[in-house]
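Number of protein chains: 2
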Amino acid sequence: MRRYALKWEVGHTNDPGVDPEVMVHASVPGAAQLDWANAEGWPEYWKAENCEQFGWMESVYWIYRTIIQKPGIVAKERLFFRCEGVDYQFLVKINGVVEHGQEGMFTPVAIDLTDKVAEGDQLEVVIFPAPDSGDYSQGRSEANASVKPAVGYGWDFHPRLVSSGIWKDTYLEIRNEEHIVDAELNYWVEEDLSRVHLDLTVELNRPSAGSIQWVLTNSKGEVEEAQSVAIEGQRVIAMNTELFDPYLWWPNGLGKQNMYRLTLSLHDEAGESVSRVKRRIGFRRVRLVHNPQVWDEPSAHPKGRSVPPMTLEVNGATLFCKGANWTPPEIFPGIIGEDTYRPLLEKAKGAHFNMLRCWGGGVVNKDSFFDLCDEMGIMIWQEFPLACNRYVDSPEYLNTLDQESRSIIGQLKVHPSVALWCGGNELFNASSKMSDQHKALRLLNRNCYDLDPETPFLPTSPIMGVGHGGYLFRDMDGVECLERIQNSRFTAYVEFGCSGVSPANYLKTFIPEEELFPVRPEGSWKRHHGLEAWDQEPGSWLCLDTIVDYFGRPESLEELTQYGQILQSEGYKAIYEEARRQKPYCSMALCWCFNEPWPTAANNSLINWPCEPKPAYESVKQSCRPILASARVSKFSWKGGEAFEAELWILNDSGEAQRGGTVEAYLQLDDEERFALAWDFESLDPNENLMGPTARVVLPRIEGQTFQLILRVESRREWNSRYTFCFKNED
Amino acid sequence: MRRYALKWEVGHTNDPGVDPEVMVHASVPGAAQLDWANAEGWPEYWKAENCEQFGWMESVYWIYRTIIQKPGIVAKERLFFRCEGVDYQFLVKINGVVEHGQEGMFTPVAIDLTDKVAEGDQLEVVIFPAPDSGDYSQGRSEANASVKPAVGYGWDFHPRLVSSGIWKDTYLEIRNEEHIVDAELNYWVEEDLSRVHLDLTVELNRPSAGSIQWVLTNSKGEVEEAQSVAIEGQRVIAMNTELFDPYLWWPNGLGKQNMYRLTLSLHDEAGESVSRVKRRIGFRRVRLVHNPQVWDEPSAHPKGRSVPPMTLEVNGATLFCKGANWTPPEIFPGIIGEDTYRPLLEKAKGAHFNMLRCWGGGVVNKDSFFDLCDEMGIMIWQEFPLACNRYVDSPEYLNTLDQESRSIIGQLKVHPSVALWCGGNELFNASSKMSDQHKALRLLNRNCYDLDPETPFLPTSPIMGVGHGGYLFRDMDGVECLERIQNSRFTAYVEFGCSGVSPANYLKTFIPEEELFPVRPEGSWKRHHGLEAWDQEPGSWLCLDTIVDYFGRPESLEELTQYGQILQSEGYKAIYEEARRQKPYCSMALCWCFNEPWPTAANNSLINWPCEPKPAYESVKQSCRPILASARVSKFSWKGGEAFEAELWILNDSGEAQRGGTVEAYLQLDDEERFALAWDFESLDPNENLMGPTARVVLPRIEGQTFQLILRVESRREWNSRYTFCFKNED
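Top line first, the protein sequences correspond to chains Z and B. Residue numbers for the first sequence, in this note's numbering: 58 to 788. Residue numbers for the second sequence, in this note's numbering: 58 to 788.
Hint data in this document are derived by calculation from the structure and do not stem from the laboratory. Possibly wrong hints are sitting among the right ones.
Just so you know, same-sequence chains aren't split out, so a pair can sit in one copy or run between any two.
As the list claims (entries may be wrong) - No farther apart than 30 Å at their CA atoms in a straight line, the calculated lysine-lysine pairs in the BS3-like style are these:
#	residue 1	residue 2
1	LYS360	LYS133
2	LYS785	LYS696
3	LYS470	LYS496
4	LYS470	LYS133
5	LYS565	LYS406
6	LYS313	LYS277
7	LYS490	LYS406
8	LYS404	LYS678
9	LYS360	LYS490
10	LYS360	LYS225
11	LYS313	LYS496
12	LYS360	LYS406
13	LYS678	LYS360
14	LYS404	LYS360
15	LYS565	LYS583
16	LYS360	LYS496
17	LYS692	LYS360
18	LYS313	LYS692
19	LYS127	LYS678
20	LYS785	LYS470
21	LYS225	LYS785
22	LYS360	LYS583
23	LYS335	LYS64
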């Protein structure tokens, strides 16, 4: 198989029957919008309010063109046009004649051109205007009849900017006239982990004779299994084998990320290899098992059901999932690549995360994302592209969803990191009004069961017993996130946020100097989600009133951002650590959100676009250490004369027992460090938290706006922790 | 197609390689156990403790035999052995050679005998011992790896008696050598109900030429649609059409039960009809829609999901479902027939029921049941044969479940009465410990979606927001069912019970005279579930302590049964009417249970086996009238000097508006009738309940043990109601 690059140009037209007036150079993979902006010399879309310039682009037809330079092919060879993905509805034309039409960006295209094109022929990809099921002003609901990610229609961290273009690779490909079209590998791991049962199904383009050979090598390059199966006129060939004492794949923190390589080839009757497919694969058994105590409830009649399982068990070991919600790392999916993913995923791993929830509002990531997650042991909760809408039950939509979901499952299921399928985001809540009865979700459950039955499936998030929100340090009703989480009882917290303003130096990169300070509810601050971003809180995401309440009115951009970041950092610490204290009833803590698609002025993200960690990132990293000394404190703001109380804990996700020791608690008040309590704790069982005594100190009057609680663990400095609180002298 | 009966005999053996010592006459359809008991002249299994005699029978092989008397067939004809169902795992042998092996009682068998048998050959059906996944003492859990109904392994209303035998019809059938194997009809009703879209798929035994003709006639015999489709070598032929202005099928109380007849025939190239299939079918659109108010909850963060939809909408009209849980009407499914079903279903219709829940512990009913439900407008909530077990995820079990569920769906989906599929009973509660993740339930959801996508599917009952229980007039914690239901808030009550003793004359038919009174916790009373039936209440189902508490110790069997029946009658009235008061948040009231498989001494049933209504049946019938005056009273037992209070209501499930009127409330105290209140109520909107004032009377000291509340509606006597309460003078 040989591949040849294609050179594209792109233009737009309001009428697909009328040629574009101007064609410009197209970067493929990429986005039509960016090609046009580049050609026109527009300023960066991510600065100030420049993105508004792109509004008209979602209503036009984008036409990509290339001229075929036909590579030499010999007898028994075929020339294919291969395109891995076009965003979103499109036609492929050869010299103006439609060869293929498709709705859906996740299903690749392969067209046999051998007998259809001559040197110099024109190949076109005609992309329709962005899908819109109804009224423009409806925002994301325009996406409720398509498998187009809804986020582009505008979200509280994403401008309205609907991407369009050839977003994955295109090339000409020369294949043997008999070749492998698809190879599907399914496996299941024996209860005692001693064996992997492998089923391999190879689909050829036509009935053939010869043989199929496949070789499975481990990460040391040793051949583990090899088979050759004679074929005599079959088109679909099913094979199976068993792999004894497999090297299993483990998530980050639990073991090695062992992988295998599968090489599969079709040999003709002369024994010559004529088509080959390579796959990297890892083996693990993942299950959702019930959290302890759930069977005790409900206890009285009339009795509903018990809450569903939300504890992940990997290779027989249950684990607490720490992580975050992944949002699209760019507005334009076509410009995302491994170099986008790698630094972000390194940060995730660096924060001791073992799970990311790939949220249904965004695009399904490219292969390199999952390759990296496989390597780093980061488990993926993968949602289909449904979010916060009542998706229709029409045959047209269901057909597209069927095609796209099958493509997505087929692409992702070889990755051991993909641990959980989910229908989409918040579909069973008032903002969507869907239910288990909707065909879209029954179809997704069906397809996941048919194609990847060993991986758990959730219809949506949240399900019963699982919590979403809040998203503010202090809620509209005045409740702090510290108190809210301490009064909650959920099997998993899979979306919780603390909004935080971006660092001052970062803000200066995209907000014009004259707008920077003081903050006004307009212009770039608003456009970049600093104000009026979330309809439930006009102050979102900056939440200036909250900052002023705790610290007084900031006098500079630097003061503002410093105060805001204390709130985000301390809020996230309180939530992650409280969720861990609620283990094992609680089994997951995933914040909203990890990253962002463009520069935000304020957001719940831990990392600014493209990969600039905010101070809260470092705090979360501390709270997610496998073992740490932790304090449970009921509130953030204190006054002189009040008795400050902190319940001491050791939080422990380590799989190994730990000897006992001593935690000392101190208060850092102005320049003075005051001893509060020493706790001699017993040895720790693997994965077990330990609750200790409560340190209690009557606070003196101090000068500073903040004070700190410091926990020091004798001879285990890596377990030390530090918390900042707000101090307000009585007026 | 011609059919010929078969004559069977049956015997048993411990070793399938050794012939039975004795063969006896077999009734087919029937049960091997009953044939044996009849031949041996045993007393009735349903009297006293006689059923214990049958214990050994579940461990043997039952062998059915028949001698083939070969009917004359001509060229182009084939002779088939057809068996509609064998309970449970079996082989079919011809002259001792295995022709077919099967696990599962719901999948028919058709074997082409033409070239395999000669006159006088022997046909055998060898049935394996009852399926048992583990330890005998485990009871129903022995059924957790099979699709055998669990109820036979013993339940709180069913003795341990595991049925076995050919439980559906068998015959020899002569078919043309080209014939229709299966005809599948799917349809969906247009949103505005103006059109039905029909898809018809005909499967032939082999590729054929000629034509497929089909005719759809309405209930007046008029041809609505007719088509002839030429076939040229296809084996599977798909056709579709549209039916305009269809006569829709409506549930009892909402409209007519319109049905159609489909006649489908295969014609050979000469135009001669060679194979024919007839189906009766009705068209309706049924959906589960969300109950009002559910989107308001949850309101605070962290936020779980909203409760799932539980309101049935039929042809665009939502309705309140009134009904009961259907249990197997016989221990031996083979002896159930239309004559079993008809009187019971007439009672259901007579009680104004519009729904029966065919509970997952029991057998899936035969065609005649669904034909009658179609005719009477009784909607069926159909569960698959899973109940109160953690069914395994093994490939063997899943294969059987796949086969059996496909057969069940195929059999039932043509019936408009089948309104709701459900995976099984109480699978997501502590007694089963299953969840949405179990493959059995994902498989059932998948099969229902693939084969009958227009009918809603529930994974189990109860789901979130739906209540099961309680089952006693007064709970173990002393709470009466009146109070319990008034303090509950569920979208549907789909299992609630009030146990009640059977009438004295009925008890005398199966409890030996010497055991009748006083009741002792042994012998026939215990065997027939009067005592120690339900592990959560030793007094179940008689609940003698409760009776004694309210009425004092009964001095005769007649007194005992009279008191017990007051409790059951008044308890059920209170629950049904309170559930109706909670409309529209609540949308279903189904009691546990309607009928029973054999005579019980006490049980939650409304109707004793085989079809003897208990007094509670009449009470429930009153409470389920489309319109009635109703009283909400907080408790059952009152004392002199207490202020008796009754909140007056009109409960209204009628689809038509009603003019206003007057309700008068009276108390019947000893011989005196005391006026309490007159309520002039406004006109009623369709389907809307009306809450009125509270009648309040300070109770005098009376002589009787009971008193009554009487509601009289001026010039609408059919809305009148009457409630009995217990009176206890102070000691």
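Taking the hints in turn, this is what the structure says about them:
1. In this assembly of identical chains, LYS360 and LYS133 lie within 30 Å of each other by CA distance neither inside one copy nor across copies; the values are 68 Å within and 61 Å between.
2. Taking the shortest Cα distances, LYS785 and LYS696 sit within 30 Å of each other inside one copy (5 Å), while across copies they are farther apart (62 Å).
3. Taking the closest pair of Cα atoms, LYS470 and LYS496 come within 30 Å of each other both inside a single copy (23 Å) and across two copies (18 Å).
4. In this homomeric assembly, LYS470 and LYS133 never come within 30 Å of each other (Cα to Cα): the closest approach is 33 Å inside a single copy and 51 Å across copies.
5. Only within a single protomer do LYS565 and LYS406 lie at most 30 Å apart by alpha-carbon distance; the minimum there is 29 Å, versus 75 Å between protomers.
6. For the identical chains of this complex, LYS313 and LYS277 are intra-copy neighbours only, at 13 Å inside a copy versus 73 Å across copies, given an alpha-carbon limit of 30 Å.
7. Proximity of LYS490 and LYS406 under a CA criterion of 30 Å is satisfied in neither setting, with 36 Å inside one chain copy and 35 Å between copies.
8. Within a single copy, LYS404 and LYS678 get their C-alpha atoms as close as 9 Å, which meets the 30 Å cut-off; across copies the closest is 67 Å, which misses it.
9. Both within a single protomer and between protomers do LYS360 and LYS490 lie at most 30 Å apart by alpha-carbon distance, with minima of 25 Å and 15 Å respectively.
10. In the homo-oligomer, the alpha carbons of LYS360 and LYS225 never lie at most 30 Å apart, since the shortest distance is 51 Å inside one protomer and 37 Å across protomers.
11. Taking the closest pair of Cα atoms, LYS313 and LYS496 come within 30 Å of each other only across two copies (29 Å); inside a single copy the shortest separation is 39 Å, beyond that limit.
12. With identical chains, the CA atoms of LYS360 and LYS406 are at most 30 Å apart between copies only, with a shortest distance of 28 Å across copies and 42 Å within one.
13. When the C-alpha separation of LYS678 and LYS360 is checked against a cutoff of 30 Å, the pair qualifies only between copies, where the shortest distance is 25 Å, while the shortest distance within a copy is 41 Å.
14. For a Cα distance limit of 30 Å, the shortest separation of LYS404 from LYS360 across copies, 28 Å, qualifies, whereas the shortest one inside one copy, 45 Å, does not.
15. With identical chains, the CA atoms of LYS565 and LYS583 are at most 30 Å apart within one copy only, with a shortest distance of 15 Å there and 83 Å across copies.
16. Taking identical chains as interchangeable, the C-alpha atoms of LYS360 and LYS496 lie at most 30 Å apart whether they share a chain (28 Å) or sit on different chains (24 Å).
17. For the identical chains of this complex, LYS692 and LYS360 are inter-copy neighbours only, at 21 Å across copies versus 36 Å inside a copy, given an alpha-carbon limit of 30 Å.
18. Taking CA atoms no more than 30 Å apart as the test, LYS313 paired with LYS692 passes in neither setting, with 40 Å inside one copy and 64 Å between copies.
19. Taking identical chains as interchangeable, the C-alpha atoms of LYS127 and LYS678 are never at most 30 Å apart, the minima being 53 Å within one chain and 82 Å between chains.
20. Taking the closest pair of Cα atoms, LYS785 and LYS470 never come within 30 Å of each other, the shortest separation being 54 Å inside a single copy and 70 Å across copies.
21. When the C-alpha separation of LYS225 and LYS785 is checked against a cutoff of 30 Å, the pair qualifies neither within a copy, at 55 Å, nor between copies, at 82 Å.
22. Proximity of LYS360 to LYS583 under the C-alpha cut-off of 30 Å is restricted to the inter-copy arrangement: shortest distance 27 Å between copies versus 48 Å within a copy.
23. With identical chains, the CA atoms of LYS335 and LYS64 are at most 30 Å apart within one copy only, with a shortest distance of 27 Å there and 62 Å across copies.
Of the numbered hints stated above, those contradicted by the structure are hints 1, 4, 7, 10, 18, 19, 20 and 21, listed in ascending order.
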